[in-house]
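Residue numbers (our numbering), protein chains in the order written: chain H, 1 to 176; chain P, 1 to 176; chain W, 1 to 176; chain A, 1 to 176.
It is worth saying that the hints were derived from the structure and are not from the lab.
Heads up, some of the hints might be wrong.
Unchecked claim - DSBU-like mimics (lysine-lysine), calculated; alpha carbons at most 35 Å apart, straight line:
(1) W:LYS128 to A:LYS5
(2) A:LYS25 to W:LYS15
(3) W:LYS128 to A:LYS15
(4) W:LYS165 to W:LYS25
(5) H:LYS25 to P:LYS15
(6) H:LYS15 to P:LYS25
(7) H:LYS5 to A:LYS25
(8) A:LYS128 to H:LYS15
(9) A:LYS165 to A:LYS15
(10) W:LYS5 to P:LYS25
(11) H:LYS141 to P:LYS25
(12) H:LYS141 to P:LYS141
(13) H:LYS128 to P:LYS15
There are 4 protein chains.
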Amino acid sequence: MPIRKPIIGVMGPGKTELHTEPVDKHVELATELGKQIASHGWLLLTGGRNLGVMDAACRGAKSAGGTTIGILPGPDALDSSDAVDIPIITGMGSARNNVNALSSTVLIAVGMGPGTAAEVALALKARKPVVLLATQPEAEKFFTSLDASLVHVASDVEGAIVHVKALLAAQTEPAT
Amino acid sequence: MPIRKPIIGVMGPGKTELHTEPVDKHVELATELGKQIASHGWLLLTGGRNLGVMDAACRGAKSAGGTTIGILPGPDALDSSDAVDIPIITGMGSARNNVNALSSTVLIAVGMGPGTAAEVALALKARKPVVLLATQPEAEKFFTSLDASLVHVASDVEGAIVHVKALLAAQTEPAT
Amino acid sequence: MPIRKPIIGVMGPGKTELHTEPVDKHVELATELGKQIASHGWLLLTGGRNLGVMDAACRGAKSAGGTTIGILPGPDALDSSDAVDIPIITGMGSARNNVNALSSTVLIAVGMGPGTAAEVALALKARKPVVLLATQPEAEKFFTSLDASLVHVASDVEGAIVHVKALLAAQTEPAT
Amino acid sequence: MPIRKPIIGVMGPGKTELHTEPVDKHVELATELGKQIASHGWLLLTGGRNLGVMDAACRGAKSAGGTTIGILPGPDALDSSDAVDIPIITGMGSARNNVNALSSTVLIAVGMGPGTAAEVALALKARKPVVLLATQPEAEKFFTSLDASLVHVASDVEGAIVHVKALLAAQTEPAT
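In isolation and in its complexed conformation, chain H is listed as follows (with noise of 0.2 Å):
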């Protein structure tokens, strides 16, 4: 097996036109949890597009010297997020999600919405661990329905990268 870089997905609400609080309250904590996945020197992933948590995760691994993989819906890279290094173009709208689950080590989710929800519930069909940072009472209790062995909650960044580094570290443990 080569030594690869983790990839941890981020993934979040891409509107913020509204620019309620919540709303920012998310941007915040994705800016914060992409600067500290690129500390770790784990590479980020994302939805790719220059909006909500995508954008600001990847602002923030970038502001601390990490690498950024977009996984995009459209057909070209017209609507990434500046602070995307690498723009994967699927062209696929939200079938690349699937894409999204697959490709991330861990999934963190950051708010909630129709599209992060099907990432996460993408993420638990491939029996990927799943960690819900900020999202509501009502998903928290959804998704550890659905499979409560792979799903995660955290209420700040900090929470959130100690279940990254267990998970991480639990994968790489030989099997007993």
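Dock chains P, W and A against chain H, hints included.
Same frame as chain H, now just chains P, W and A:
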């Protein structure tokens, strides 16, 4: 606009190997739902596999003389339900869940698992109406929290069909 | 194995805006081919759009009482041919060309462009038989160089139908 | 517009089990091409599998200190080349060939098979420039017949790199 038969998507867990009571209940509901969909002259669309809710809904529809479309995840039709008339072979795994969501005029979830959750979330992302039939309360609360205007809850097949009729009628009414 | 109607895919350029003579020829051939496919009791599958060969084949099939399936690239059915009975909405752009290839029992190319070339190549990749009807000599030579055992050339609709019949018969014969 | 490293796609047959002379030639060319791509500071994108041209190009790029992206067709990274730094897991089979085409600034085909032909055709469909290196004359004639303005032919690695440089320079020039 051409006059086409509405396509009603029925989604639900594929695994029946446990033969637990709830799954048997979902299979029973899906069979009756398939019958009703066919009786109303609508086309049935499912994930196409020979398992669980997908298979049961197709068998129900065929027993009432309906036409069934199966959107298969694999690269061939080997795991298709025998009750699928038109197998669409996508070869794209769970990314095909987005095809299920986009191609259904109304999407009904019978029971819930990670794949079904993805289909419901992707339907909401695409602004499609969803009916939840016999899903856990956590699912009802979560999806309603995502978009209350598109999520409808039914406790039996009759109730689900009432929702579908109303949703189809609303689509053909002129916007005012 | 269930008895299903074979699905015959008809692929070809969508652009008719130039109204040049060769395109008119392809539209004429596709219309007649659609009629013949319906007359033989086969299902017709196309790329579904209201343009060129796709639209013409569907119109031909409907004029002979057939059933038509359209695998659409966009996120809705707005650009669907009116002659499509069953619109499958993929939202995945040209990646849907692989769904066309996989879902067709036999794939017929009427004329040739980049999208059609992708469909023929993807069919060969999936080991599906292909009939080239009225394509340029360069296409015949190239695809034959890729896999002579799967590529069949026809100069008129009658010849294409003869190939389809033989290919369908070969599939239903018991392997020895 | 952000300054990003260009992504150069290298496509080619994955099967090397026959170990025939032409395939060995393609593996040799792909290795040298990967080295050159890395030396120029470009990112390398391939289909990611541990076979043939894909694997060889990645190994070449790594030997020159480059960064390699592999767009994998399967649902996990088990068949990834060890020389892939960033595995993107699509789970969508040959439909991922469209992701290869869309994500490459310039696409180079080394040798030719059905999958590579699909990638070239999908690149042309998306109006992306293509370089054909060591492909059969039938391929050169066919793809040139589809779109002569986008298809460039090279007989050796040096010639291919000259084409890539010119194509990248043309993209960054202001339109007049």
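Structure-based check of all given hints:
1. For the proposed pair LYS128 (chain W) and LYS5 (chain A), the alpha carbon gap of about 38 Å is over 35 Å, so the pair is violated.
2. Taken as a hint, the LYS25 (chain A) and LYS15 (chain W) pair is broken in the structure, with Cα atoms around 39 Å apart against an allowance of 35 Å.
3. Taking the CA atoms of LYS128 (chain W) and LYS15 (chain A), the gap is near 19 Å; set against the 35 Å cutoff, the hint holds.
4. Of the supplied pair hints, the one linking LYS165 (chain W) and LYS25 (chain W) holds, its CA atoms being roughly 24 Å apart against a limit of 35 Å.
5. A threshold of 35 Å between alpha carbons decides the hint, and for LYS25 (chain H) with LYS15 (chain P) the separation of about 39 Å lies outside it, so the pair is violated.
6. For the proposed pair LYS15 (chain H) and LYS25 (chain P), the alpha carbon gap of about 39 Å is over 35 Å, so the pair is violated.
7. For the hint pairing LYS5 (chain H) with LYS25 (chain A), the CA-to-CA distance comes to about 32 Å; that is within 35 Å, so the pair holds.
8. For the proposed pair LYS128 (chain A) and LYS15 (chain H), the alpha carbon gap of about 31 Å is at most 35 Å, so the pair holds.
9. Taking the CA atoms of LYS165 (chain A) and LYS15 (chain A), the gap is near 29 Å; set against the 35 Å cutoff, the hint holds.
10. As the CA atoms of LYS5 (chain W) and LYS25 (chain P) are separated by approximately 32 Å, the hinted pair is consistent with the 35 Å bound.
11. For the hint pairing LYS141 (chain H) with LYS25 (chain P), the CA-to-CA distance comes to about 23 Å; that is within 35 Å, so the pair holds.
12. Straight-line distance between C-alpha atoms of LYS141 (chain H) and LYS141 (chain P) comes to about 9 Å, which keeps the hinted pair within the 35 Å bound.
13. The suggested pairing of LYS128 (chain H) with LYS15 (chain P) holds, with an alpha-carbon distance near 19 Å, which does not exceed 35 Å.
When each numbered hint is compared with the structure, violations occur for hints 1, 2, 5 and 6.
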